[in-house]
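Chemist: Start from the sequences and build out the full structure, keeping to the hints where you can.
Each residue of the sequence shown is one higher than the last, beginning at 1 in my numbering.
Don't read these hints as lab results, they were simulated from the structure.
Only a predicted model underlies this, so the values are computations on that prediction, with no experimental measurement involved.
Each residue gets a CB set at the ideal place from its N, CA and C atoms; glycine is no exception.
Careful, some of the hints might be misleading.
[Said to hold, decoys possible] For lysine to any residue, the following SDA-like pairs were computed, each having C-alpha atoms within a straight-line distance of at most 20 Å:
id	residue 1	residue 2
1	K70	S49
2	K95	T82
3	K34	H120
4	K34	G99
5	K70	I128
6	K43	W55
7	K70	G119
8	K122	T85
9	K34	F110
10	K34	T57
11	K43	K70
12	K95	K117
13	K117	N73
14	K117	V133
15	K97	T42
16	K34	K97
17	K122	C87
18	K8	Y195
19	K117	T51
20	K95	S83
21	K72	H120
22	K70	G40
23	K39	N59
[As the list claims (entries may be wrong)] Using C-beta positions, here's what the derived DEER-type ranges look like:
id	residue 1	residue 2	range
24	V102	L6	44 to 52 Å
25	P7	Q104	37 to 45 Å
26	D98	G64	20 to 28 Å
27	I12	I128	45 to 53 Å
28	T185	D38	24 to 32 Å
29	R107	T42	26 to 34 Å
30	M190	P7	19 to 27 Å
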Amino acid sequence: MASLSLPKLCRIALFSLVLIFMFMVITAASFQFKVGGDKGWTKPTGNESETYNEWATRNRFHVGDSLYFKYKNDSVLVVNHTSYTKCSVSNPIFKFKDGDTVFQFDRYGFFYFISGKRGHCKAGQKLIVRVMVHPAIFSSPQPAPSPKEDGSSDDGGDQGGWDSFWGPPPANSTIKLTVASYFMTALGGMLVIMYLLM
Numbered sequence: 001m002a003s004l005s006l007p008k009l010c011r012i013a014l015f016s017l018v019l020i021f022m023f024m025v026i027t028a029a030s031f032q033f034k035v036g037g038d039k040g041w042t043k044p045t046g047n048e049s050e051t052y053n054e055w056a057t058r059n060r061f062h063v064g065d066s067l068y069f070k071y072k073n074d075s076v077l078v079v080n081h082t083s084y085t086k087c088s089v090s091n092p093i094f095k096f097k098d099g100d101t102v103f104q105f106d107r108y109g110f111f112y113f114i115s116g117k118r119g120h121c122k123a124g125q126k127l128i129v130r131v132m133v134h135p136a137i138f139s140s141p142q143p144a145p146s147p148k149e150d151g152s153s154d155d156g157g158d159q160g161g162w163d164s165f166w167g168p169p170p171a172n173s174t175i176k177l178t179v180a181s182y183f184m185t186a187l188g189g190m191l192v193i194m195y196l197l198m
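Modeler: Here you go:
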């Protein structure tokens, strides 16, 4: 068996580290989901093939993912469960009205979105997103919060110990990898090419 020289061992170690780093970056990639597809965030007309909530149940959202809302003459409100149920636009947690909104999930649990235009929410322009946490983040289940009499929680979102991982988003979802993920993949590819040319 041939012995390995120190420079060759260093190159093998460097190559292994690059591969491990690329794998970690790709698996930690976040996704951006386009709400409403090509039509964007609009008031439903009744001719849609699915509601916003049916679309949300087809996708898997994780901490770090984001929603992209494209709209005109409207707004996006992040609200609590009560405001979502009543379609109340009076006390939003966040209000966006720039027409190009990206909302990134910074925690797991439920997020509630409604249109800020009166009458649109009652017509179905509203969305519930359940954000999952990857099992690697929490190694043991968290205790469930105490139930309230009216079924709501203090902050309007359910952040109980739900920590299942259902897998990556389906191939038919409207997602795109973030720029950082593309950059890191390209950087890793360049390092591999440079290694092979040494």
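Chemist: Okay, which hints does this one fail, numbers in order?
Modeler: Violated hint (a single one): 14; every other hint is consistent with the structure.
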